[in-house]
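Novice: Next come the chains, spelled out residue by residue.
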Amino acid sequence: MRRWLLVCACALVALVAVGCGSDSSSDGGKSASSNEPITLTLWWVANAKPEVMDEIVKTYHDRHPNVTVKVVAQPAAAYFAPLIRSAIAKHSGPDILGMYASPFTFDYADGIRSLKDLITPEDRAQLTGWEQGTSPDGEPLVVPQDAAGQIFYYNKHLFKKAGLDPEAPPTTWDELLTTCDKLKAAGIVPINAAFKDGGYLEVLLMAFQAQYMTAQEQAEMVSNPHFDAPSAVKVIDLMKDLKARGCFTPNAEAIPLFPDGANNFKAGKAAMHVGFLSGDMHWAQYRETKWGKDGLGTFLPPLVPDSNFDEPQISYGASGGNAITKWSKHPKEAYDFLMYLGSPEVQKKNFDEVGILPANRSVQLTTKDPVAQQLLDWIRTKDASLTLFNLLRANVETVMLKFVPQIMTGEVDYLKDVVPELQTEQDRAVGK
Amino acid sequence: MTAIEQVRSEARRVPSGTRRLLAVRRESGELLFLAPLLVLMAVAIILPSVSVVTHAFTDWQPGYDSPWIGLENFSKLFSSQHFRQILVNHAILLLGVPLWVMLPLAVSFVLYKGVKFPGLFRAIFFFPAVASPALVGILFSALLSPVGPVNTTLRSIGLGSLAGDWLAGEHLVKPVIIIVLAWANLGMGVVLFSAALSSVPPELFESAEIDGASWWQRLWHVVLPSIRRTVELWTVLLILSVFVGVFPWIYTLTRGGPGYSSTTLDWDIYQNALNYGDFGVAAAESLVLLLIVSVVVVAGTFLGRKASRA
Numbered sequence: 001m002r003r004w005l006l007v008c009a010c011a012l013v014a015l016v017a018v019g020c021g022s023d024s025s026s027d028g029g030k031s032a033s034s035n036e037p038i039t040l041t042l043w044w045v046a047n048a049k050p051e052v053m054d055e056i057v058k059t060y061h062d063r064h065p066n067v068t069v070k071v072v073a074q075p076a077a078a079y080f081a082p083l084i085r086s087a088i089a090k091h092s093g094p095d096i097l098g099m100y101a102s103p104f105t106f107d108y109a110d111g112i113r114s115l116k117d118l119i120t121p122e123d124r125a126q127l128t129g130w131e132q133g134t135s136p137d138g139e140p141l142v143v144p145q146d147a148a149g150q151i152f153y154y155n156k157h158l159f160k161k162a163g164l165d166p167e168a169p170p171t172t173w174d175e176l177l178t179t180c181d182k183l184k185a186a187g188i189v190p191i192n193a194a195f196k197d198g199g200y201l202e203v204l205l206m207a208f209q210a211q212y213m214t215a216q217e218q219a220e221m222v223s224n225p226h227f228d229a230p231s232a233v234k235v236i237d238l239m240k241d242l243k244a245r246g247c248f249t250p251n252a253e254a255i256p257l258f259p260d261g262a263n264n265f266k267a268g269k270a271a272m273h274v275g276f277l278s279g280d281m282h283w284a285q286y287r288e289t290k291w292g293k294d295g296l297g298t299f300l301p302p303l304v305p306d307s308n309f310d311e312p313q314i315s316y317g318a319s320g321g322n323a324i325t326k327w328s329k330h331p332k333e334a335y336d337f338l339m340y341l342g343s344p345e346v347q348k349k350n351f352d353e354v355g356i357l358p359a360n361r362s363v364q365l366t367t368k369d370p371v372a373q374q375l376l377d378w379i380r381t382k383d384a385s386l387t388l389f390n391l392l393r394a395n396v397e398t399v400m401l402k403f404v405p406q407i408m409t410g411e412v413d414y415l416k417d418v419v420p421e422l423q424t425e426q427d428r429a430v431g432k
Numbered sequence: 001m002t003a004i005e006q007v008r009s010e011a012r013r014v015p016s017g018t019r020r021l022l023a024v025r026r027e028s029g030e031l032l033f034l035a036p037l038l039v040l041m042a043v044a045i046i047l048p049s050v051s052v053v054t055h056a057f058t059d060w061q062p063g064y065d066s067p068w069i070g071l072e073n074f075s076k077l078f079s080s081q082h083f084r085q086i087l088v089n090h091a092i093l094l095l096g097v098p099l100w101v102m103l104p105l106a107v108s109f110v111l112y113k114g115v116k117f118p119g120l121f122r123a124i125f126f127f128p129a130v131a132s133p134a135l136v137g138i139l140f141s142a143l144l145s146p147v148g149p150v151n152t153t154l155r156s157i158g159l160g161s162l163a164g165d166w167l168a169g170e171h172l173v174k175p176v177i178i179i180v181l182a183w184a185n186l187g188m189g190v191v192l193f194s195a196a197l198s199s200v201p202p203e204l205f206e207s208a209e210i211d212g213a214s215w216w217q218r219l220w221h222v223v224l225p226s227i228r229r230t231v232e233l234w235t236v237l238l239i240l241s242v243f244v245g246v247f248p249w250i251y252t253l254t255r256g257g258p259g260y261s262s263t264t265l266d267w268d269i270y271q272n273a274l275n276y277g278d279f280g281v282a283a284a285e286s287l288v289l290l291l292i293v294s295v296v297v298v299a300g301t302f303l304g305r306k307a308s309r310a
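Just so you know, the sequences run in chain order A and B.
Numbering follows our numbering, with no gaps: position 19 of the first sequence is 19.
Numbering follows our numbering, with no gaps: position 62 of the second sequence is 62.
Be aware that one or more of the hints could be misleading.
[Said to hold, decoys possible] For each label pair, taking beta carbons as the anchor points, the in silico distance ranges come out as:
id	chain 1	residue 1	chain 2	residue 2	range
1	A	Ala46	B	Leu38	36 to 46 Å
2	B	Val110	A	Pro75	38 to 48 Å
3	B	Pro36	A	Lys58	39 to 49 Å
[Unchecked claim] So the derived list for chain A, only partly shown, Cβ under 8 Å to chain B, looks like this:
id	residue
4	Ala89
5	His91
6	Pro250
7	Glu253
8	Ile255
9	Phe258
10	Asn395
11	Lys402
12	Gln406
Treat the hints as calculated values from the structure; they're not laboratory data.
Even glycine gets a Cβ: it sits at the ideal position worked out from N, Cα and C.
Just chain B, same shape as in the assembly:
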C-alpha cells in the first residue's frame, strides 16, 4: 500500500462525526488568524464606506445635525460645470494608459534580451516605485519651474521657445502629469513585466528571431500575446490609479490648478470636505468615485475571465 493509500484508509476508519469536528477545528483555526484583519477591514474600510454612502444623502455636518436631503448633493454635483471638467480631466489622463503600459513593457523586453547586468538596471528603474510620491512631486515641481533645470537646459541649447509654464499652463498641465506618471509607474511595470517574461518559453523568441522577425514584431506578436494576462492586470491597475492614486501628485504639483484644469475626483473630494466644509457633497462625490472604480474592477474581472475561457 502506498503512503497516500494508507492515509486514505486510516481516514476512512475515523467516524464521520469526528471528521466533521476536525474540519470545524481546522476552519476555526484559520478564522482565528484572519479575525484581526477582518476586524481591521471592518473598522477601517467597511464602516467608513457605509458612513460615507449614507451621508451622501444628507447635509452632512460632522458632529452636528445632518438632515436628510435626498439627491440634492448629487444634483449640485452633476449640475456643476467643474464636475464635468473633472470628468474630462480623468478622460484625458486615461489617454496616458497606453504609454504607461508600453513603456515599461518595451524596457522589460530590452532588459530581457539585450543588456549586461539586467538586474542592476531593474533596480535602477524600480527606484521611482519606492520613492514617496509627495517627495517626487516636489522634486518635479522644482524641475519644471519657470527657472528650473528643464527650462534652463532648453534655453541653453537654443530651444528657449520650447520652455514653458509646464505646471501653470491650462493646456500643458495634463500632458505633463501624464509624463510624470509615466516616470513614476515605470519601475513597477518593469518588475511586473520582467517577471512575466521570465515565464515565457525562450524557444518562442528564438523561433521568431530565426524567422526574421524585427524587435518590434517580436514585441507585438510574441511578447504581448504571451504575457497578455499580466498586461491586462497592469492596465486595470493603471486605470484604477487614475481615479484613486493621483492625489499626491496633484497636491504637490498643481493643487488642481490652474483653475480646475488638473483637478481630479480625489482632489475635489478633499477640497469640498476640508477646504469648503461641504462634507455632504464630498460624500456624494466619494460615492460616484466608488461606483466608477467598481465598474472598472468588474469590467476588468469580466474581460479577464472571458479571455481565460477563450
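Here chain A stands alone, though its shape is the one from the complex:
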C-alpha cells in the first residue's frame, strides 16, 4: 500500500513538473518554412489608441497571411518588473518586447537578441536611433519605433486669466519666474508637477540639462555617464528654487506623475506642464480636453541662467523601439514585422491618428493642428539634443526615481547622497 502511494505521489509530481516546464513561447517549438503559419507575440504598454495598432497588425496579416501577430497590452507598472524579468528568467514569453531605443534596454540584454545579422544598411539609413539602442559591445538590440522629446505645454485660458499674453510664453528664465509670479497672484498653479514616482524630475532634467552640458559630457553619456556633472546639479538647484518660490503644484513630492500628475494638467489645475513631443502627455491628448480644443499652446524650454545656448533649442531624439527575444523561434519574421512598423506608411498612420513622432527619416509629415505643426517646425529647424537622463540604464533609473521626492524636499542631497548610489549601480551594471 505504501509503495502504491509512493508511485502515485511520484506520478503527480511528474505531472506537475511537466505542466510547469512546458514551453509557453509562441509557436510550440515548430520551425516554420516560409509559408507555414506562424504566430508572433508582441508585448507592449498600449498607447492612448490601441485600436490603431490592431489595424496595423491586421493590414500586415492581410499582406502576409501566414503571419499572425498577437499584440498583448501589459500594465505599465508591472511591465519591466516583474513581467519582462520573469520572462527572461524563464527563457520564454513573447517574440517581441516593446522597449526603449536607449541604454535602458541594456539591463535586459540577457533576454534580447542581437540584430546584427538582420539589419541591412538600408534599414539603418531609414530609421534614426539605432546607435542609442546599441550595446557598449556593439550589438544593436532595439529597432527604433518613434521619436520623442520634452516640451512645455501651456493653457492659454489660464494665461489670459492671469493677465498674461497667451501668445507670448516665456523664453528666458527671468520671464518664466515673472510668469510664475503673475499666475500665483491670480491663484493659479504656475507649473504642474508630480514628483512622488520620480519621473517628473527626470523629465525636467531632460528638458534643461543640455543647456549646461559640456561636449565631453555629451560624448560620454553612454560610455561614462557623469552623474556628478555640474549640469545636472545646476538644473536640480533651479528646480528646487522653483519649488521654493511656489511655482510648482503644492506638495508635488506626494503626487505620482501617472495618473494624478498627468490628469491634473488635463483637468486645468495648472497653467504650464513639461510634457512630451509624442507618447504620453503630448499635444494630441491635451487637444481632447475641454480647454485644450482652442487653448493649448507650446513653447521651448526657456534659456536657463548662463545657458550654453544662444536661443531655446529642442530636446528630441529616438525614444521607443522594439526588441526581439532570444527565445523567439522566428526572429527573421519578427524583424520583418518591426521594419514594417518602421515603414513610412505605418509611421505616418501613427502620427496622423495617435500623434506619435516617427523614427523614419523619410516620412513627410503634415498636420492641420497648429501646435503639432509648431513642434514639427522646431524639429526641422532647431538643434536637437539629448541629455544624460534620456539615456539612463534601467537599474540606474530605478535608483534615481527612488530618491526624487527626497531630493525635492531637501531631505537628501543629490550630489552627496544620490550620485554615489547611481555610480554604484552603473558600475554594477557594466560589471566593474
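Since the structure of chain A is already known, use the hints to place chain B on it.
Specialist: This is chain B only, laid out in the frame that chain A set:
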C-alpha cells in the same frame, strides 16, 4: 457487559497480526487523503525554498550559469546601509504591535459587554479583513494624498497646519503605515478576541463588577489573563505579518519610499530580484527573512509552552 467492554473483548479476540494490518490500512487511507496536499507543499513551498537557500550562495542568473560565490551576497547585504535602514524600518513597524493588539481587544470587550446587536458591529469591523489589501492600499493612497479627504477636512476645520505629506514624508510614513495596519488588522483581531471572550466564564466579569473594578481594570486584570493564549497567538501572528505580510501595503502606498524610509525586507527582495535582476542578493535576503521568521515562530512556541506549563 457494556458496549465498550464488548468492543474491547471482540478486539482482543482478533489476532495481533490482523490488528497490525488493520492499523496499516487505516494509516494508508489517511495518507492517501493527505498525499495531494503533501505533494503540493513539496512542489510549491519546500522545493522553491531549498532552491532559494542554495542559490543564496551563488551569483544566481536564472537560466544561465550561476557560479558559487560563497558568502559574497550576504557580505553585500550586510555592508549596505540600506539593509540596515530596512531592519530599522521593521523595528519601528513592530512598535505598532501593542496598538494592533489592544485596539481589537478593547473593541471586542466593548462589544461583549455593552452594545446592542454586537453581531452586526462585528460584521462591520470584519470588513477590512475580507477586503483586498491592494484595493485598500489604493484607497488609502487617495485618502492620504495632499488634496485628499484627510487633508481637505483638516483644512476645512481650521487645522490646515496638521495637513501633511502623509505618505511622502520620511518621518511620517511609518507611523501612517502603522495606523493603516491598525485599521486593516482590526477585524480579524475583533473576531479572534470575541471568540476567546465567549469562552470566559461570565461570573469572572460579574464578580469584578461587583467588586467595583473600572472598565479598564476589568480589561487588564480579568480579560487579559483569561484569554492570554489568544493574545499571545495574535501577537505572534502580528509580528510575523510585519515581516511577511506588508508587501501589498508597501506596494500600493509608498513603493518603499521616500528613499528607503518605508522599504521592508519583502519589498526589497522584490526590487532586487525583479527590478535590478540581482537574484543572488534577493535569495540571500530571503534566507535572512526565513531565519528571522523562524526565530519568531520558535520563540513564540517556546514562550507559549512555558506559559502552559506554568
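Novice: Could you run down the list of hints and mark each one as holding or not?
Specialist: Going through the hints against the structure:
1. Ala46(A) with Leu38(B): 36 to 46 Å: holds, 43 Å
2. Val110(B) with Pro75(A): 38 to 48 Å: This hint holds: roughly 43 Å between Cβ atoms.
3. Pro36(B) with Lys58(A): 39 to 49 Å: The hinted range 39 to 49 Å holds for Pro36(B) and Lys58(A), with Cβ atoms some 46 Å apart.
4. Ala89: Result: holds, 4 Å to nearest chain B Cβ.
5. His91: holds, 5 Å
6. Pro250: holds, 7 Å
7. Glu253: holds, 5 Å
8. Ile255: holds, 6 Å
9. Phe258: violated, 13 Å
10. Asn395: This interface hint holds because 5 Å falls under the 8 Å limit.
11. Lys402: Holds: closest Cβ of chain B sits about 6 Å from Lys402(A), inside 8 Å.
12. Gln406: This interface hint holds because 5 Å falls under the 8 Å limit.
Of the numbered hints given earlier, the model fails hint 9 alone.
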